[in-house]
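J.: Plus 292 on top of the position in the sequence shown (first one is 1) and you've got our numbering.
These are calculated hints, taken from the structure and not from any lab test. Note that the structure is predicted; figures quoted are calculated from it, not measured. Careful: at least some of the hints might be erroneous.
Label pairs and their in silico Cβ distance ranges [what the hints assert, rightly or not]:
id	residue 1	residue 2	range
1	Gly343	Phe405	42 to 50 Å
2	Asn313	Glu416	18 to 26 Å
3	Gly362	Arg305	43 to 51 Å
Under the rule of at most 30 Å between Cα atoms (straight-line distance), these lysine-lysine pairs were calculated in the DSSO-like manner [stated by the list, open to error]:
id	residue 1	residue 2
4	Lys375	Lys403
5	Lys375	Lys361
6	Lys361	Lys403
All C-beta atoms in this analysis are idealised placements derived from N, C-alpha and C, irrespective of residue type, glycine included.
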Amino acid sequence: FALRLQHADHYVRPRLALAGNAAHTLHPLAGQGLNIGIADAVELAEVLLAGGRDPGRLSLLRRYERARKGDNIAMLAAMDGFKRLFSNRSTPLAWLRNGGLNVTNRVAPIKHFFMRRALGLGGELPRLARAPLSGRRAGAVDVFHLIALLIPLTALFAYVNLRVFRLPTAIGLMLVSLLVSLVIIGLG
Numbered sequence: 293f294a295l296r297l298q299h300a301d302h303y304v305r306p307r308l309a310l311a312g313n314a315a316h317t318l319h320p321l322a323g324q325g326l327n328i329g330i331a332d333a334v335e336l337a338e339v340l341l342a343g344g345r346d347p348g349r350l351s352l353l354r355r356y357e358r359a360r361k362g363d364n365i366a367m368l369a370a371m372d373g374f375k376r377l378f379s380n381r382s383t384p385l386a387w388l389r390n391g392g393l394n395v396t397n398r399v400a401p402i403k404h405f406f407m408r409r410a411l412g413l414g415g416e417l418p419r420l421a422r423a424p425l426s427g428r429r430a431g432a433v434d435v436f437h438l439i440a441l442l443i444p445l446t447a448l449f450a451y452v453n454l455r456v457f458r459l460p461t462a463i464g465l466m467l468v469s470l471l472v473s474l475v476i477i478g479l480g
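Start from the sequences, fold in the hints, and give me the full structure.
T.: In structure tokens form, the structure reads like this:
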């Protein structure tokens, strides 16, 4: 399956919403597809929770599309630009590219801007992505940080399961779901 840039013209129709890779795909540079997919899911959940009696009405689902489409197009364009920039062998372009990277690395505000965007912490984040899971104690973990913690733990569990336990995939996934639930309960 070829990895290429794709983007749906419309994310929503009555009673239908596309999110994540169903709405957009991009080259897997820096894991940004996962970040924008998670942001899509969180924004869609937020819109649906506020939906009242008819969460499938087009006017409601359009809120989700308006909230996510701009950021997604910007990230898709940036990642496509990086792919093209780094796959080009032109010497003058390489000088410009390397000079730009050096400036970005040396100028802290520019560097921090790109770092925050790459971590999924910049731009217009859904309220649920900004809010801590628990307001009861200081330093509570937000949704994105929780996911960032659980993904490597899930991958580690999958590797250990494959090498040591050799449990069937369904049982392994149930155990990972249980682990995620326990972490969320523990943080809540």
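J.: If a hint holds in the structure, say so; if it doesn't, say that too.
T.: Evaluation of the provided hints:
no.	hint	in the structure
1	Gly343 x Phe405: 42 to 50 Å	34 Å, violated
2	Asn313 x Glu416: 18 to 26 Å	21 Å, holds
3	Gly362 x Arg305: 43 to 51 Å	19 Å, violated
4	Lys375 x Lys403	19 Å, holds
5	Lys375 x Lys361	21 Å, holds
6	Lys361 x Lys403	25 Å, holds
In the structure shown, a violation is registered for the earlier hints numbered 1, 3, in ascending order.
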